[in-house]
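The listed protein sequences derive, respectively, from chains A and B. The first sequence maps to residues 1 to 153 in the working numbering. The second sequence maps to residues 154 to 541 in the working numbering.
Because the hints were derived from the structure by calculation, they are not lab data. Any given hint could turn out to be false.
Examples of chain A residues lying across from chain B (beta carbon under 10 Å, computed) [as the list claims (entries may be wrong)]: (1) Ser69; (2) Cys78; (3) Tyr84; (4) Pro91; (5) Ile94; (6) Ala96; (7) Gly102; (8) Asp104; (9) His109.
All residues carry an ideal CB built from backbone N, CA and C; glycine is no exception.
Residue-level listing of the chains:
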Amino acid sequence: MTKEYKTIKTELRLPYELAYGATWTRFFEGMKEKKIYGTKCPKCGRVLVPARSFCPRCFVDMGEWIEVSQEGKLVAWCYTNYRYFGMPTEPPFIGAQINLDGTDVNFLHLIGGFDLSNFDEVRKIVKNGMKVRAEWKDDRNAHIMDIRYFKPL
Amino acid sequence: MGRPVAIIGVGQTYHGKRMDVSYPELVREAVMAVFKDTGLSPEDIDGVVSGTMPSMMEGIALTHFYLADAMQSAGKPIMKTETCGSTGVSIAHTAYYWVASGLADLILAVGHEKMNEGDSQATMTTVAEPFYQRYFISGAPGVFSMQSQMWSVRYGISEEKVRDAAAFISVTHHEDAFDNPYAHIKMKVSMDDVKNARIITYPVRLLDVCPNSDGACAVIFASEEMVKKLNRKPAWVKAVGYRGDEYFFGDSDKAVWESAAQAAKEAYNQAGIKNPRKELDVAEVYNPFTFQEMLFYECFGFCGPGEAPDLVLKGTFTRNGELACDPSGGTLCTNPIGATGLIRVAEAALQVTGRAGAHQIPGAKLALAHAMGGVDQFNGIMILGSKL
Ligand SMILES: [Zn+2]
Numbered sequence: 001m002t003k004e005y006k007t008i009k010t011e012l013r014l015p016y017e018l019a020y021g022a023t024w025t026r027f028f029e030g031m032k033e034k035k036i037y038g039t040k041c042p043k044c045g046r047v048l049v050p051a052r053s054f055c056p057r058c059f060v061d062m063g064e065w066i067e068v069s070q071e072g073k074l075v076a077w078c079y080t081n082y083r084y085f086g087m088p089t090e091p092p093f094i095g096a097q098i099n100l101d102g103t104d105v106n107f108l109h110l111i112g113g114f115d116l117s118n119f120d121e122v123r124k125i126v127k128n129g130m131k132v133r134a135e136w137k138d139d140r141n142a143h144i145m146d147i148r149y150f151k152p153l
Numbered sequence: 154m155g156r157p158v159a160i161i162g163v164g165q166t167y168h169g170k171r172m173d174v175s176y177p178e179l180v181r182e183a184v185m186a187v188f189k190d191t192g193l194s195p196e197d198i199d200g201v202v203s204g205t206m207p208s209m210m211e212g213i214a215l216t217h218f219y220l221a222d223a224m225q226s227a228g229k230p231i232m233k234t235e236t237c238g239s240t241g242v243s244i245a246h247t248a249y250y251w252v253a254s255g256l257a258d259l260i261l262a263v264g265h266e267k268m269n270e271g272d273s274q275a276t277m278t279t280v281a282e283p284f285y286q287r288y289f290i291s292g293a294p295g296v297f298s299m300q301s302q303m304w305s306v307r308y309g310i311s312e313e314k315v316r317d318a319a320a321f322i323s324v325t326h327h328e329d330a331f332d333n334p335y336a337h338i339k340m341k342v343s344m345d346d347v348k349n350a351r352i353i354t355y356p357v358r359l360l361d362v363c364p365n366s367d368g369a370c371a372v373i374f375a376s377e378e379m380v381k382k383l384n385r386k387p388a389w390v391k392a393v394g395y396r397g398d399e400y401f402f403g404d405s406d407k408a409v410w411e412s413a414a415q416a417a418k419e420a421y422n423q424a425g426i427k428n429p430r431k432e433l434d435v436a437e438v439y440n441p442f443t444f445q446e447m448l449f450y451e452c453f454g455f456c457g458p459g460e461a462p463d464l465v466l467k468g469t470f471t472r473n474g475e476l477a478c479d480p481s482g483g484t485l486c487t488n489p490i491g492a493t494g495l496i497r498v499a500e501a502a503l504q505v506t507g508r509a510g511a512h513q514i515p516g517a518k519l520a521l522a523h524a525m526g527g528v529d530q531f532n533g534i535m536i537l538g539s540k541l
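From just these sequences and the hints, can you work out the full model?
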């Protein structure tokens, strides 16, 4: 039998306060009003959501604010059924990439509004390309979770 | 390309759950092994480059400080390279650039991770964007599941075929690992075992996923002059390629995956490779997830888009197939992340020098090593050959 050696249990907890900046502050204030904002690049013409202060490809300032559609189609998804320390979302849940109508990138959020406990049932409901719409919480805090999830139409 | 550079020796730990050693002791095991392999000693080394995935995997920041004694780096120039999952290949690139530049003749490259000491998925989730995306990413499996799922739908591959091909990859790599003395998971699994294993993040199931491994790998890179002087059998660096995508997951198409395709293209151009499936003898593709291995085959031009599952099921990429992929059992069976990319490089070096032992691909002359990292953003490649 191999000998068991000692271990020490330790934990790190560090406080942070992350700055949103003007663009993301405006985006999250919009969430409070049940609006999803994107910005349009003056150079490549892409509409990015969430809104950005600059285009990651063209490196120019984003001028134009656009309130984007709250409906879109499901591009990719995964059903999560495991847990790790400090996980911010309670499993099971479905993370998804959603292409909101009129935008040029995929927006990451949850798919929900139906029973997630049985995967075989979930598999019958969730289809790539299906239309989904944002469902808002009543109590909103200018946070990404102000949208409860995107629900299949 | 700078001066010619070769790998003249490699060392690995026995990877696994290594609570029998402290982290520095684990790293020293790999460093001792490379010195034993080459007959060199610490005073011969001009500089040391090391790296880990995120340092906080073990809760101790600045690992090149923590592990300085284990790597015998005191009194030498030291560097740390960190590119998430592709760290190991980036360490190899750093060592290569250092020697190719003419500023050093012998560089020690060390990759390491002790994943069983922390919570790997909690650590990895700190890599995800904090304002918009961290809530939905669910660690590495979540990201790669979404990508695999998107890829299979894009190319109209039936769910059944993808699941069969993924299971085939899992079964063959688990078999291969038995012939690799350093591999972590050595377990017989059947197609049914894989296909019916518990769902982690659909479509990924338990046996589609790599383990949490503790391990380290050390590799010595040398100038042509040193290769001759030391009379070592060299694995020559024929090419390096590296590309990154933009930050936000969702801003670029991961079913086509430009960073993977472009990193390979850059490397093939340098090495003069036109038909990789024919010209390469071995590919150590970074495969923490069975599904993702198929995407890499396509991004690297081993086959066309959407063709990988059929070829996998035909055995094209097994040890006896047309292009042997991950004959070591790969990342699927052993994943101490910061070491993993460097293990791919070390395995490729062993193959082209005929020193891979029980999992040697007979007559291998040209091998590709690869690693991927970030939230899918980073891809790095190194191609090694038996001839300069
Ligand atoms: Zn632009």
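Each hint tested on the structure:
1. About 16 Å separates the beta-carbon of Ser69(A) from the nearest beta-carbon of chain B, more than 10 Å, and the hint is not met.
2. Among the interface hints, the one on Cys78(A) holds; its C-beta lies about 4 Å from the nearest C-beta in chain B, closer than the 10 Å criterion.
3. With a cut of 10 Å, the hint placing Tyr84(A) at the interface with chain B holds, because the nearest CB-to-CB distance is about 4 Å.
4. A least Cβ separation of about 8 Å between Pro91(A) and chain B falls short of the 10 Å threshold, and the interface hint therefore holds.
5. Here the hint on Ile94(A) is kept, as its CB sits about 9 Å from the closest CB of chain B, short of 10 Å.
6. Interface hint status for Ala96(A): upheld, as the beta-carbon distance to the closest one in chain B is roughly 7 Å, under 10 Å.
7. The beta carbon of Gly102(A) is not positioned within 10 Å of any beta carbon in chain B (closest approach about 15 Å), and the interface hint is therefore violated.
8. A cut of 10 Å between beta carbons decides the hint on Asp104(A): the least distance to chain B is about 9 Å, and the hint holds.
9. Of the supplied interface hints, the one on His109(A) holds, with its beta-carbon coming within about 6 Å of a beta-carbon of chain B, less than 10 Å.
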